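**Q** Sequence:
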Amino acid sequence: MRPVIPYVTAALLFGLGVYGVLRRRNAVLVLMSVELMLNAVNLILVTADTTARAVLPHSGQVFALFVIVLAAAEIGVGLAIVLQLYRLRATVAVDDVALTEPAHPVDRREPAVLDREAGR
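Counting from -1, one number per residue, gives the positions in the sequence shown under the working numbering.
Rather than coming from a laboratory, the hints here were simulated on the basis of the structure. Among these hints, one or two may not hold up.
Stated by the list, open to error - Label-pair distances were calculated between CB atoms; the ranges are:
| no. | residue 1 | residue 2 | range |
| --- | --- | --- | --- |
| 1 | Leu27 | His56 | 29 to 35 Å |
| 2 | Arg85 | Arg22 | 16 to 22 Å |
| 3 | His56 | Val92 | 37 to 43 Å |
| 4 | Thr89 | Leu63 | 32 to 38 Å |
| 5 | Phe64 | Leu14 | 18 to 24 Å |
| 6 | Gly74 | Pro1 | 29 to 35 Å |
| 7 | Glu72 | Val95 | 40 to 46 Å |
| 8 | Asp94 | Tyr5 | 35 to 41 Å |
Given the structure is predicted, the values throughout are model-derived calculations rather than measurements. Even for Gly, the Cβ is constructed at its ideal location relative to N, Cα and C.
Could you build the full structure based on these sequences and the hints that come with them?
**A** Printed below as a string of C-alpha cells:
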C-alpha cells in the first residue's frame, strides 16, 4: 500500500481543523474542528501502523483507540461547558467570552441611586 494518499488526506484534514479553530467564532464549530484534527491524527496512526511494522504489533491502532476515547471525553466536557456558557451569556460566540473577571464588579445602577445610598 502506498502511504502517500492517507498522509496527504490526514494533512488536509488537520489543516482544515486548524483553520476552523483559528477562524470560527462559534464554540460548537471550534469543537468540531478539534475533532477533525483528532481524526487526522487517527488516520496517521493507523497508516503508520500498516506501513511500518513496529516491534509492537498493532500499536498504531491501539493509540488510535486511545485518541477516540480522549475525543469522546473532550466532546462531553466541551459540550457541557458550551451549554453552561449559553445559559449564562445567551451566546456561544467565542469572542464574547471574558477570559478574566474584572477586578472590581461594575455597578450598573443609575448614578443618582448610588449617590443616595452613599449619603451624598
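**Q** Each hint: holds or not?
**A** How the hints compare with the structure:
no. : hint                      : in the structure
1   : Leu27 x His56: 29 to 35 Å : holds, 34 Å
2   : Arg85 x Arg22: 16 to 22 Å : holds, 21 Å
3   : His56 x Val92: 37 to 43 Å : holds, 38 Å
4   : Thr89 x Leu63: 32 to 38 Å : holds, 36 Å
5   : Phe64 x Leu14: 18 to 24 Å : holds, 23 Å
6   : Gly74 x Pro1: 29 to 35 Å  : holds, 33 Å
7   : Glu72 x Val95: 40 to 46 Å : violated, 18 Å
8   : Asp94 x Tyr5: 35 to 41 Å  : holds, 38 Å
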